[in-house]
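Line by line, the protein sequences are chains A, B and C.
Residue numbers for the first sequence follow full-length UniProt numbering, beginning at 1 and rising by one.
Residue numbers for the second sequence follow full-length UniProt numbering, beginning at 1 and rising by one.
Residue numbers for the third sequence follow full-length UniProt numbering, beginning at 1 and rising by one.
You may find that some hints are simply not true.
Capping the alpha-carbon separation at 35 Å, the derived lysine-lysine pairs in DSBU-like fashion look like this [what the hints assert, rightly or not]:
#1 K8/A <-> K64/A
#2 K418/C <-> K121/B
#3 K121/B <-> K72/A
#4 K95/B <-> K64/C
#5 K164/A <-> K374/C
#6 K226/A <-> K212/A
#7 K95/B <-> K65/C
#8 K101/B <-> K72/A
#9 K97/A <-> K194/C
Rather than coming from a laboratory, the hints here were simulated on the basis of the structure.
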Amino acid sequence: MIYSLEVKNLRSGIEQKEILKGVDLALKSGEVHALMGRNGSGKSTLAQTLMGSPTYEVSGGTAKVFGKEILKLETTERAKTGLFLSFQYPSEIPGVKVYSYLRMLHNKSHEDKLSPKMFREYLAKKMELLEMDPTFSERFLNEGFSGGEKKRMEMLQMLMLEPKVIILDEVDSGLDIDAIKIVSRAVNYLIEEHNSSVLLITHYSRILNYIKPDFVHIMLDGKIVKTGGEEVASHLEEYGYSSSELQVPAVKHEE
Amino acid sequence: MKSLLLKQNKNILISPIEDTQYVYVIPGNSTEVTNLELNFEKEGVSCEIIVLGKMHEGQSIELTTTSRHLVPNTSCVTNYFVALENSSSSNYVGKIIIAKKAFQTNSYLNNKTLVIGEGTKNITRPILEIEADDVKASHGATTGRVREDDVYYLTSRGLTKKEAEETIVEGFFESVVAKIEDGDVREKVRSGVKS
Amino acid sequence: MKNNQLKDIRETYADKFGFNMPEVPSSKAKKGLSEEVIREISKNKGEPKWMLDYRLKAYEAFIKKPMPEWGADLSHIDFQNIYYYIKPGDVEKRTWDDVPENVKKTFDRLGVPQAEREYLAGVKAQYDSEVVYSSLMDELEEEGVIFLSTDEALKKYPEIFKEYFGKVIPSADNKFAALNSAVWSGGSFVYIPKGVTVKRPLQAYFRINAESMGQFERTLIIAEEGSFANYVEGCTAPVYSSDSLHAAVVEVIVKPGARFRYTTIQNWSDNVYNLVTKRARVEKDAVMEWVDGNLGSRVTMKYPSCYLIGEGARGEVLSIAYASTGQHQDAGAKMIHAAPNTSSSIVSKSVSLRGGRTSYRGLVDVAASAPNAKSRVECDALILDSISATDTFPTMRINDSSANVEHEATVSKIGEEKLFYLMSRGLTETEAMGLIVSGFIEPIVRELPMEYAVELNRLIELEMEGSVG
């Protein structure tokens, strides 16, 4: 069985401090895996490590996209395997116009290049799907965007690239219910049309009403401590992360 | 952070130590040339320079501050706050020098001049000389008058024009004085710029 | 690998801009400078006596003036090893058909296609020291706009010429202005009559194309009351081995209520000393804008200035400096506030890579007679590697109590997190760097005419290919 994303015993951290302490995950095409856990449990580290962030150092394990080992690849090459990360904190790139940047992304990821006119129409449709104002394409990439606007810009880039493996790092944080619906629409479109698989990192189960998970994983202290169906998320909603169900030692509450 | 109040001197050369604020108040009668130089020779040192003063009528000051970063991973914030009364002047050179091997330097210079009189002269030369790449260095310098709107606002609350101006000048200095962490030093500086 | 890539860029680059065209100068003046050479230049041009006297007086000043002791290293300039005047043809050509075939070819490669002429209000192309081709559109002539080579203007409009020539930049202003005043040749003369708006940019192309040849063009611009125009010049230069000197003088007079923009993109080969004096006199309620892009050259020293002498006058400078191996860009701006309610703004962006050095050097001067002056200076430097350097030397001299002057400068490198973000979308490191650098200078590039903006971005893409890793 070739998984779209297969992670085995992945360990990584910053300098001497190990944050991921052996993570295992396997996603099949079209599947949605929710990854939940409290702040500092290592969810974002997993996302950043998989994309090849220079901040984190891998100390062990493997990660494959469609059978291809990615941990040794440059970030650019990882992106070319079809892996996409929606950043929790996207960078602001001053002076780079959204329109020409997106056109470049589209041209790089597609065999058949669209004429400027066709691309404009294509882009307009995608922006409509995300209920974005057309003037966004004239702005600079993420510069001066609000939190919600940045998240939509992440989704727009995702739609341009049509990735096979999507990692969403707290795409729902700071969004109201309407915005969550819009973001979910874009993700569901790729699941349906391109059979993409999704690793959905989130703090709250709210978004799971719109992007239905096949599996829910709970992460704690750099490890996945529980895996199940939607019921895990519901349980979490009700009892919180300190529930004994999760076999978690008692923790202080203020975290 | 420790706060260290520097004594009046023409030439002050410092090899800064960890977590220290070097504070210098320009004496109200001084027309001396003052040279304040920090040479960062120890890695990991981070410190702050605070120079401030009110130039009284006819007074003039020539001041040079230098933060010279010679080793990696040091940081420095330089503040020079000066208020100019009638016919007073300030001639300031603020240097940030980052040597070739001094990676991960973080150095910032902030110079603010508040003009409260007529016939003032103000020369500011903030200089950056950067030979290393992994650094953050910047400076900001502004010169402006007491804003009429602000004076108006305070007079509308019953202050006289003079009181309003004094309040604004105090506030101007307070924005940097408040950063002084040592309570005794802070009080000394506060009364120093008032006189 | 990197070196080869670099070499490839050079070659493509040379090919693109036709650096290896054979020259066809019909007569070459002797190398070196003397009173005799100056007399010969003036005689050759058939100038009036006052101009010869002016040149000789400037020559005296040039000899007396010391070399500047600040700024970039100029110690390698050998004034006696330079040609001071070269004349490629005997007469100025009026139509494209008359232009020699190899010159045309060079201009094709420079990107002056026939089709573009429609869009250009007039094309001036300086080949060596003399303007060999110029065209003026009829509508401009009808409006009374004069756009000629400076030499031609001296012949055709002697009165107006004498009235303004050398008035903004006196011949003894600095050593290189004095040199230019002594040996000037070519350049543009622009006269915009009262109230006339010139919609399309007036364009001129310059280049150096003789070994060790100095280029000393002289540009004089008069924008009469309430007029509006935009002048654009661009330079590309051949790669030659010995040092070349470019010492131009540009004088602009912006009369009350007029608005003038002067755009320069210079891309000299990396053996050229580019030492240019540019200054504008800005009168009541007038606006002067300098847009200045400095790429290439061995040394550039250039500080476009605005003398704001009329109430309400405004000056703006937008400057890009880009320094690579062996290059020092010492560029900036000067704003002299000499009248009430004047305002100025300077935005400078510099990029240094592969051992290059950029320096911002600027002056904001507020005279005691200039109440309520406002000035804002913003200079940002980007350093792309550990062997490059940058400096910032701004001076603010404020002799008036009501001035509001702000200055901000930053130095930074490209953030790792920005590179990672773009690479996560499939861009290579080179592409990501190119994009970030282009974005960094975008606030100035957007002010350039389209074809210059495109060319500049292309150039940066090429340059980035050698700079990663």
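We went through each hint and held it up to the structure:
1. Among the hinted pairs, K8/A with K64/A is consistent with the structure: their alpha-carbon atoms are about 9 Å apart, no more than 35 Å.
2. The hinted pair formed by K418/C and K121/B fails the criterion: a straight-line CA distance of about 43 Å is larger than 35 Å.
3. As the CA atoms of K121/B and K72/A are separated by approximately 61 Å, the hinted pair breaks the 35 Å bound.
4. At roughly 33 Å between alpha-carbon atoms, K95/B and K64/C fall within 35 Å of each other, so this suggested pair holds.
5. Under the criterion of a C-alpha separation no larger than 35 Å, the hint pairing K164/A with K374/C is inconsistent with the structure, at around 55 Å.
6. Distance check on the hinted pair: K226/A and K212/A sit about 18 Å apart at the alpha-carbon level, within 35 Å; holds.
7. With a CA separation close to 30 Å, the supplied pair K95/B and K65/C stays within the 35 Å bound.
8. Taking the CA atoms of K101/B and K72/A, the gap is about 30 Å. The hint holds against a cut of 35 Å.
9. Restraint check for K97/A and K194/C: not satisfied, since their Cα atoms lie roughly 39 Å apart, outside the 35 Å limit.
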